[in-house]
Every structure is written in structure tokens, then in C-alpha cells.
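**Student:** Using the sequences provided together with the hints, build the complete structure.
The listed protein sequences derive, respectively, from chains Z and H. For the record, in the first sequence the residue sitting at position 208 is 208 according to the UniProt record's numbering, with numbers rising by one throughout. For the record, in the second sequence the residue sitting at position 277 is 277 according to the UniProt record's numbering, with numbers rising by one throughout.
Think of the hints as simulated: they come from the structure by calculation, not from any bench. Honestly, I wouldn't trust all of these hints.
As the list makes no split between identical chains, a pair holds if one copy fits it or if it spans any two.
[Said to hold, decoys possible] With a Cα cut of at most 16 Å, we get these calculated EDC-like pairs of lysine to aspartate or glutamate:
1) K212 - D289
2) K551 - E527
3) K150 - E54
4) K341 - D57
5) K89 - E176
6) K152 - D208
7) K526 - E104
8) K526 - D204
9) K141 - D126
So the chains spell out like this:
Number of protein chains: 2
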Amino acid sequence: MTKIVIIGGVAGGASAAARARRVSETAEIIMLERGEFVSFANCGLPYHISGEIESRDALLLQTPESFKSRFNVEVRVLNEVIAIDRQAKQLSIRNLVTHETYIESYDKLLLSPGASPIKPPLPGIDSHFVHSLRNIPDMDKVLATLMLHKPKHATVVGGGFIGLEMVEALRHLGLEVSLLELADQVMGPVDLEMANMLHQKLIDNGVDLRLKTGLAAVTECPIPLAEADNTDDYDKPVSPHFHLQLALSDNSTLATDLVILAIGVKPETSLASACGLELGKLGGIRVDDEMRTSDADIYAVGDAIETADFVTGNPTLIPLAGPANRQGRLAADNMLGANIKYRATQGTAICKLFDMAIASTGLNEKTLLKQQIPFEKIYVHTASHASYYPGAHPITLKLLFSPDNGAILGAQAAGLDGVDKRIDVLAVAQRAGMTVYDLADLELTYAPPFGSARDVVNQAGMVAANVLLGDEQICHSHDISAVNAGQVVVDVRNPGELTTAGAIDGAMNIPLPQLRDRLNELPKDKELLVLCQVGLRGHVAYCMLSQHGFKVRNLTGGYKTFQMVNARF
Amino acid sequence: MTKIVIIGGVAGGASAAARARRVSETAEIIMLERGEFVSFANCGLPYHISGEIESRDALLLQTPESFKSRFNVEVRVLNEVIAIDRQAKQLSIRNLVTHETYIESYDKLLLSPGASPIKPPLPGIDSHFVHSLRNIPDMDKVLATLMLHKPKHATVVGGGFIGLEMVEALRHLGLEVSLLELADQVMGPVDLEMANMLHQKLIDNGVDLRLKTGLAAVTECPIPLAEADNTDDYDKPVSPHFHLQLALSDNSTLATDLVILAIGVKPETSLASACGLELGKLGGIRVDDEMRTSDADIYAVGDAIETADFVTGNPTLIPLAGPANRQGRLAADNMLGANIKYRATQGTAICKLFDMAIASTGLNEKTLLKQQIPFEKIYVHTASHASYYPGAHPITLKLLFSPDNGAILGAQAAGLDGVDKRIDVLAVAQRAGMTVYDLADLELTYAPPFGSARDVVNQAGMVAANVLLGDEQICHSHDISAVNAGQVVVDVRNPGELTTAGAIDGAMNIPLPQLRDRLNELPKDKELLVLCQVGLRGHVAYCMLSQHGFKVRNLTGGYKTFQMVNARF
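**Tutor:** As C-alpha cells, this is what we get:
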């Protein structure tokens with residue numbers, strides 16, 4: 001009879017417990033959780049704060065009682081492991097209610113401690129009005145602050161998943177919101193030009209977006225409510241109700257009532273490192289592809305570990321629920337004698353922001369550049385379903401691929417509709433080892449309400465294949481911005497579009513329908529950089545011009561991508 | 001200079017024309033279309049009839065003028081090819097306006113004639129009130145009938161894509177609708193139990209559904225409106241305004257005002273067969289994988305041809321827009337010297353029906369049985385996204401796979417949300433040669449509004465893998481219906497669920513939370529057929545019971561699937 005002890009009762013730990021019982025009816029399974037709750041929906045926290053998820057109970061997926069009755073798993077909440085004795089295979093555990101400490105032995109141990117919010121040691125950071133959001137008690141505290149103090153202005157620090165979701169939640173509740181982000185973009189997994197779509201969406205929704213701006217210090221300014229509201233001069237607005245004065249990295253200050261700290265998480269490795277388990281370069285627990293740590297009887301899963309990146313094989317930290325669940329299941333199998341291998345992480349992720357979604361899989365351009373991996377990229381902007389059917393919205397898709405063999409390196413998409421579907425399709429294609437050539441041939445569901453006969457992904461595959469096959473030479477937005485004396489920019493859109501959407505200084509404008517008849521206006525001795533709105537007519541122009549002997553390149557993604565690249569926030 | 005002539009100006013033909021020009025600026029390209037329109041959105045026709053697509057112009061994607069100005073393609077509408085002289089490489093063409101006949105030569109000929117609606121030679125079938133729906137003039141006639149005659153009752157004959165879309169469109173317009181379908185189910189690409197979800201949806205939306213019922217004869221009964229409305233007895237309802245009396249295959253009659261004939265299409269092969277091109281067994285034009293017919297200078301694409309089925313390699317007729325577009329593009333390349341191969345057809349398809357969608361890819365169970373291909377099947381019913389986030393709806397997914405190696409043979413899904421995404425994911429996985437084992441590891445986008453940490457497809461993959469690995473023995477609904485003396489059905493749902501959802505006669509009921517403590521109530525000498533609502537708790541029960549020495553199988557898809565299988569319409 002194997003005795004399995006699991007440290008941590010969310011995502012990975014909970015999956016492992018349930019799976020272990022299905023695999024072995026005889027195993028003794030104990031789950032230790034230092035918090036009050038197990039198996040709660042941490043991804044749902046912002047949506048309960050916003051009120052979109054009405055019931056708090058909806059977030060509690062399993063309870064200690066349900067684990068017991070369904071899985072015969074003994075769950076001990078408010079029990080914190082304080083040390084692991086690997087030699088003796090024993091844990092020292094503190095009961096956080098009674099404060100007693102006791103010993104528990106294990107045959108196999110699973111570490112699923114998760115990650116903890118990064119909290120920089122800034123002056124005032126421990127203010128009662130500075131919140132992180134990682135678990136149910138965190139959420140309850142935010143809700144209590146909202147209810148008791150009725151803040152009018154909130155500041156979210158950090159523009160990752162939680163930060164963006166909290167910005168939306170707080171706007172949904174009617175608060176004024178400032179968003180501070182130290183980098184030049186929110187949503188690190190995507191590249192800057194894609195993030196610019198988020199920046200615009202934030203501004204359109206009244207968010208005070210401050211990029212390249214960090215939090216430096218927090219000062220509590222407890223202005224009594226009575227004083228704040230009390231003004232003898234009825235012509236003047238009442239004083240603001242702010243309770244906090246924030247010092248920012250640009251030396252400015254910001255008055256606010258509430259801070260949400262969402263600048264990221266770091267793997268929770270204190271137990272692991274204290275007992276001498278190997279950590280990786282990125283600071284996560286090192287595991288092999290069977291989720292085994294450097295101790296053969298100790299496994300680890302979830303946000304605390306490093307896994308292999310799907311594209312490079314390099315270690316990576318991917319604090320996401322999907323991988324954690326799969327790792328938990330697999331670790332349970334392996335603790336009970338199997339040898340199932342984890343198959344690397346693509347980091348497929350998605351974030352909703354107001355009415356839009358942005359998603360990605362694989363590596364982004366920043367990472368490819370940093371790791372000096374050769375790549376090519378194309379952009380398409382294609383309707384989410386048949387454009388003649390109501391509710392179609394453009395999807396902007398960036399596809400990164402190997403110039404050698406067309407392997408899919410990464411993909412990013414944003415839009416109002418169907419973004420999840422396209423990145424899912426590309427994530428499967430990437431995992432299957434398909435190339436961009438294969439994307440053109442994918443046979444996807446089509447009816448006018450759902451897609452197009454030539455879907456966004458097919459389109460992207462065709463464009464990328466054209467580039468690889470040499471059927472089209474493309475240029476990028478930076479080429480258009482740095483046009484030289486040997487080049488001419490030719491805009492083949494209709495004049496009306498230039499007025500509406502904007503135009504590029506110094507570009508010739510010959511609408512595509514007239515192009516074949518106006519070839520004589522184009523210089524044969526210069527390189528033509530052709531563009532249209534999204535790249536499609538530019539491709540037709542490219543084919544025409546190159547066959548007529550012109551040296552030509554087409555701007556991938558057209559003027560729309562040019563605008564994304566050159567937007568400044 | 002190659003002279004390319006294309007017969008047929010929709011989907012495949014239009015794609016080929018545009019692509020041919022991109023490939024060759026010097027080719028002469030002529031597109032002949034006997035109808036008035038080219039490149040129209042035939043998939044959108046029902047939605048303009050319903051009024052959901054407001055503008056008729058939105059359906060006209062390209063015009064002869066736009067083909068000329070953008071692609072330098074000469075489009076001749078209302079020009080019908082009446083004969084192909086393969087020896088002379090010449091076409092005889094009739095101008096349908098002037099009625100003149102003329103000759104046109106070709107170097108390469110592309111046949112994209114499409115398919116024509118099947119119109120059985122029934123008495124009265126040529127009535128003015130019996131419509132097909134294949135093109136813009138058909139649509140205009142239906143619209144004119146609706147406007148002029150204000151029908152109150154319509155009868156749709158045939159429950160395929162067009163039939164179902166027209167049922168919805170006509171209900172949308174407020175008509176009473178009868179749907180006649182000769183088979184025992186609508187939507188042939190899916191299996192009966194999946195189609196039963198559509199049957200229920202049709203009935204819920206007030207449709208008079210008549211399965212196993214065909215149209216036998218149509219009689220026009222031109223009751224003058226005045227007479228119909230005129231009744232001296234004001235207590236009686238006015239006479240119905242029907243204009244048609246339908247005789248049905250079950251010897252009943254049906255009064256109706258309008259008939260939409262949508263019993264399917266047959267490949268348009270008259271030109272091809274007249275000039276001696278080989279046809280396939282299924283009656284479509286035979287082409288090789290480069291879309292070349294038995295004449296090396298004649299290519300064919302779209303609804304008129306037979307292609308290879310992705311799973312079996314056998315010839316199949318797939319009249320869908322996606323494949324037609326890809327074939328057109330590829331045929332253009334090949335006519336201009338390339339040798340690109342078409343990679344078989346999965347038949348991925350989707351249909352919207354009121355608020356639900358049903359989709360499929362690969363082979364269905366009916367076909368697998370007919371072709372005697374070994375298969376296993378599982379069902380899951382999983383929320384379209386995190387169940388705690390608003391708007392989640394169950395997706396019913398049927399996965400068919402090889403019992404030998406786990407190859408994906410086919411998939412079908414139905415539900416209110418996210419059906420297209422799951423079948424797209426499975427279509428990519430199938431095309432990539434992934435197995436059900438791979439499905440469990442797919443890394444898909446997850447945030448509460450879009451999916452689950454363990455997505456529907458992951459779930460289906462895990463269930464199928466359990467079956468293949470022998471980790472779970474499953475049974476099917478017919479086993480439950482045919483339980484023998486050596487078997488006991490054990491329902492592990494909570495008693496309240498049996499009251500609400502229904503129960504199986506003679507089944508024991510032991511709720512899962514009590515099962516471990518009530519093992520002594522179960523017979524060791526009999527086979528236990530375990531079930532819950534959707535199969536998940538049944539799996540937990542299976543694991544528990546089998547490890548305690550019971551002989552047990554779990555009902556895949558649970559009671560919900562049992563109900564789908566046993567529904568009668």
C-alpha cells in the first residue's frame with residue numbers, strides 16, 4: 001500500500017489526488033493545504049469581484065468533504081508543511097488552527113505549492129489597501145475593501161493576465177482605473193504590436209494606461225470621509241476620497257484608493273530548496289519529464305516547476321492551469337508505478353479584455369530574437385466568419401515560422417470573435433509538427449455563422465507558404481518607415497481608404513483596379529514596396545508587378561499592421 | 001501564353017481564376033458561367049431569405065467587372081457551354097441572351113460546374129410553389145413567393161444543410177413549417193443519436209418534423225383568397241390559405257403553401273460525360289490528386305468531382321465550399337505547370353440550427369459499420385467553458401477511433417456554444433495523424449470565458465485512452481437496454497437526479513459518495529453496468545469497483561447518451 005502525500009490542494013495537487021485514487025483504491029492519499037480552501041477556481045477570482053460570477057460558492061469546485069466521500073482522500077486544510085526530511089521520508093507539519101506540529105511519513109511525495117505573487121519591498125507596500133489576488137482570502141479582502149471603503153479610483157500594477165482581468169473587473173464596477181506597467185507593453189506573451197491592440201482597447205474603455213511606469217512607494221493618506229465630503233464652497237467639487245498616494249518610477253505621483261499588485265508570480269520553492277531538491281536556472285523546481293524531482297520519491301507539478309519549452313526544449317516557467325492539471329494527473333500515474341512522460345509546454349494562453357480576446361501559443365518574436373532562432377513572420381487580418389453574415393469581426397493573426405522548413409514557431413491572435421478557436425487550431429498544428437504548408441490544407445468547419453470557406457488559419461498558411469516558396473517577397477513595417485532612395489512605396493488602396501484609414505507620407509497611390517493600366521508610371525530601376533489595407537490586394541499587385549519585371553515586395557499585413565507597429569501609447 | 005477556360009464561376013471556378021492570374025500575368029483566362037452571377041455566396045442564401053443578411057448585394061462577392069479590373073479575367077455570364085471537343089480542344093458555347101452559338105478554343109480547361117439539386121420526377125413537382133435553392137435566381141424566386149403570396153405554411157423536403165437552414169429561416173419569418181425527411185434522421189453526416197438532438201431542437205421550435213416520410217406528389221389547389229377568407233359563420237376560423245396539397249409516402253396528405261425541395265444535389269456531369277471523360281462509381285467526375293480528369297488538359301474541381309476520403313482513401317462526394325476553394329486554387333497552379341497534390345477530404349462540416357450547432361469531421365459510425373472498419377466510440381458531455389463562468393453550455397462530443405492504434409476516425413459534436421472550435425481542433429488532429437492519446441495532451445487556450453483547464457477535447461482523449469489502455473471497460477446504451485440475467489445496472493447518481501432527469505427501470509441506485517461503504521450490497525457474481533449522468537462519476541465508480549474485484553463496465557456518456565440513443569421522433 002503506497003502512501004502518497006500531496007502538498008498543495010489546487011489545480012495540480014487536486015488533479016493528482018483524484019487521479020491517484022482512480023488508479024489505486026488501496027493507496028493512502030493525504031492532501032495538505034496551508035490555506036483554507038482546496039480545488040478552488042483561481043482563474044475565476046476577478047470575475048467574482050466584477051460580479052459576473054455571482055456566487056462565491058461557484059468558485060469552490062471541491063471541498064475536503066467531497067474529496068473524502070468521492071475519492072477517499074484525506075484533505076487537511078490549514079495544515080502547513082514546514083520541513084521535509086528526505087532521509088526519513090517524513091514531513092513536519094504545523095496545524096495552523098491548533099498551532100501543534102506533527103510528523104507525517106510518505107512513500108511518495110508530490111509538491112504542488114504553486115507560485116506566490118511577487119511583492120517588491122517598496123515603502124508602504126504592506127498597506128491595507130494594497131492587494132494581491134491569488135486565492136479566495138485575497139479575493140475576499142478585495143471585495144471587503146470595495147464594499148467598506150467604496151473606492152472611486154483603483155490602480156492596477158502589472159499588465160499580465162490578472163492585471164488586465166482586474167482592470168476590466170474594476171471598470172465593470174464603475175471605478176476609475178490606472179494601470180501601471182513597467183515594460184513598454186502589457187501582456188508579455190505577445191509582441192508589442194499585438195499588445196498595442198490591447199493598449200488601444202484599454203484607452204477606449206477609459207483606463208489611464210501608463211506604460212514604462214512602475215510603482216516606487218505607497219503612502220497612506222487616511223482622509224476621513226467626513227472631511228473629504230465636507231466643503232463649504234458648493235461650487236467646488238468635493239475633495240477626492242483617495243487614501244493612497246503612489247510615487248511612481250517616473251517621479252510623478254498618483255492619488256488612488258486601492259492598489260492591485262499583479263506584477264507576476266514566482267515559483268514557491270522554499271520547501272523544496274530547504275530540503276535540498278535541485279532548482280533550475282529560472283528558479284523553479286527541477287523535474288524530469290516524468291515530473292520527478294532530484295529525489296526519486298518526490299514529484300512536483302504546476303506553477304512551482306520548470307518544464308521544457310515545446311519549441312526549444314529549454315527550461316521555462318509556465319504558471320498556467322492547463323499544464324498544471326495534466327502534470328498532476330501524470331505525476332499520480334507515475335507515483336503509482338507508471339512511466340508517463342510530459343510532453344513539453346507551448347504556453348498556449350488567452351486573455352479576455354472587455355469585448356476583445358488576445359491569445360498566443362509557442363514562442364513570440366521577442367523570444368525568438370533573444371534566443372537567436374531564425375524566423376519569418378506574416379500577418380493576416382481576416383473576418384472571424386463569412387463577412388456577409390452578421391457579427392463578423394476581423395481577427396489579426398501573427399504567424400511566426402521557420403524560414404528553413406516552415407515549422408510553426410508561434411502564433412498570436414487578437415479580435416472580438418473566434419480568437420480562441422484560431423489559436424487552438426494553431427496550437428494543435430504546432431504540437432503535431434505541422435508546417436505552414438499544412439495550414440493551407442486544413443479542413444475546418446465552415447458555415448457563414450462560424451467561419452469562411454478559406455479560414456483565417458488557411459489564409460495565414462497560404463501567405464506563409466507563398467513567402468517560403470519564394471512566390472512572394474514581403475517587407476515589414478520597419479522597411480516602410482526606413483524607405484531609401486532606391487525604393488518607392490506604392491499604395492494600391494482606393495483613395496477613399498487613405499482618407500479614412502490614413503496614409504503613408506510620400507507613397508504613390510495607384511488603386512489596384514487601375515494598376516495594370518498604369519505600369520508605365522512606376523520606376524523600373526527602384527524597388528517597389530507595395531501595400532494595401534491588410535495585405536491581400538498587395539499580394540495581387542505583387543504578383544502582377546513582379547511578373548512585369550518590377551523588383552517588388554508586399555507589406556505583410558498591410559497598412560493595418562503598419563498602424564499597429566507604429567502606434568505609440 | 002496559356003489559354004485557360006473555366007466553366008463555372010462560383011467557389012472552385014472563381015478561386016481558380018483569381019489564382020491563375022496571380023500565378024501568370026500572361027495567361028489568357030476566360031470564365032464562362034451560364035447563370036447571371038459569378039462568385040456569389042451560395043452558403044448565405046437561406047440567411048438572406050430569413051432577413052438576417054439584410055443586403056442582397058452582400059451575397060455578390062465579385063462581379064464580372066471586378067474580375068476584369070482586379071484579375072484581368074474575362075467573365076462571360078449567361079454563356080453556356082454546350083459541348084466540348086477534346087480533339088480540337090474547342091468549346092461550343094451558346095450566348096443565352098443572343099442565342100448565338102460560337103466556338104472558343106482552350107489550352108487548359110477547368111470544369112467547375114457544381115452540382116444540381118435533385119428533383120425527383122414526382123407528379124406536380126414543377127409547380128410554381130415548389131422551389132429549390134442553389135443560386136441567386138432561386139433565392140429571388142423564394143423571396144418573391146414569400147412577398148407576393150404571403151404563405152403561412154411551408155414544407156421543407158429534406159433535412160440536410162440547406163433543408164435545416166431553410167426550416168430555421170422560414171420559422172424566423174413566422175411561417176409554420178413541416179419538415180419531411182425520408183431517412184430516420186436529419187443531417188446525414190452525423191449519427192442518429194446525435195441527430196436526435198436536432199430533432200428535439202426542431203420540435204422545441206415548433207417544427208412539424210416527419211421522419212421516414214417522403215414527398216409523393218404535389219397538387220396545386222388554387223383557392224382564391226377571397227373565397228378562403230370569406231365565411232359567413234364568424235365563429236369558425238377562416239379557411240386555410242393553402243395552395244398545395246402534398247401526398248406523402250405514408251399515404252397521408254399535407255396542406256401547405258410553399259415547398260422547398262432540399263433532398264440533396266447530384267454532380268453536374270453532363271458536359272463531362274458527353275465528351276467522354278471518365279466518371280467515378282459515385283457519379284462524379286473522376287480526377288487524380290492533381291485535379292486532372294482522364295483528359296490531361298482538362299481539370300475539374302468542386303461539387304462535380306469525386307475525391308478521396310481522408311480515412312479510407314475511397315472515392316467520396318463532398319459538395320462543400322472549403323474543399324472546392326482549395327481544389328480551385330490547386331488546379332490553377334497545376335494548369336500552369338505545377339504538380340501540387342490535393343490531400344483528401346475529411347468532410348468537416350457544421351450546421352447552425354436555431355441556437356445550436358452540430359458539426360462533424362471524418363467518418364461517422366454508420367459509414368464505419370457499412371465499410372466494416374473496426375472502431376470504438378466514446379461520448380463526453382462537457383461544459384463549453386468553465387462552468388462557473390456565465391454562458392457555459394454542455395457540448396456533446398462523440399469520438400470514433402481505431403481500437404488498434406487509437407487513430408481518430410471521426411468526431412461529431414453538438415451544443416449551443418463552442419462546437420465549431422472542438423471539431424476544428426479534432427479535424428486538425430485527425431489530419432495530422434494524431435491519436436486519441438495525443439488529444440489528452442493538447443494545450444488549448446484556457447481562461448474561464450473560453451474553455452476549461454481540461455477541455456472537452458482533452459477529456460474525450462483521456463476517456464478514449466482509458467478505454468484503449470484497458471484502464472476502463474465501457475458499455476454502450478444498447479447493453480443497458482439488453483441487460484441479461486448475469487448483469488446488474490448500477491446507477492451512481494444522486495436520487496434527486498433520477499427524479500429530474502429520468503431513471504432506468506430495474507437499476508440499483510447507490511450514489512457515488514456512498515458506494516465505497518456499500519460494496520457489500522453488490523453481487524460479486526454478476527457484471528455491473530455502471531452509469532451516472534455523463535460518464536464521469538461512472539468512471540470513478542468503475543475504478544473503485546474493478547479494484548475491489550467486481551466485474552464492471554461504465555456506460556460511456558452516461559444517462560444523457562442513453563436518452564439520446566433511445567429518443568424516438
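**Student:** Just pull the numbers of the violated hints for me, sorted ascending.
**Tutor:** Structure breaks hints 1, 3, 4, 5, 7 and 8.
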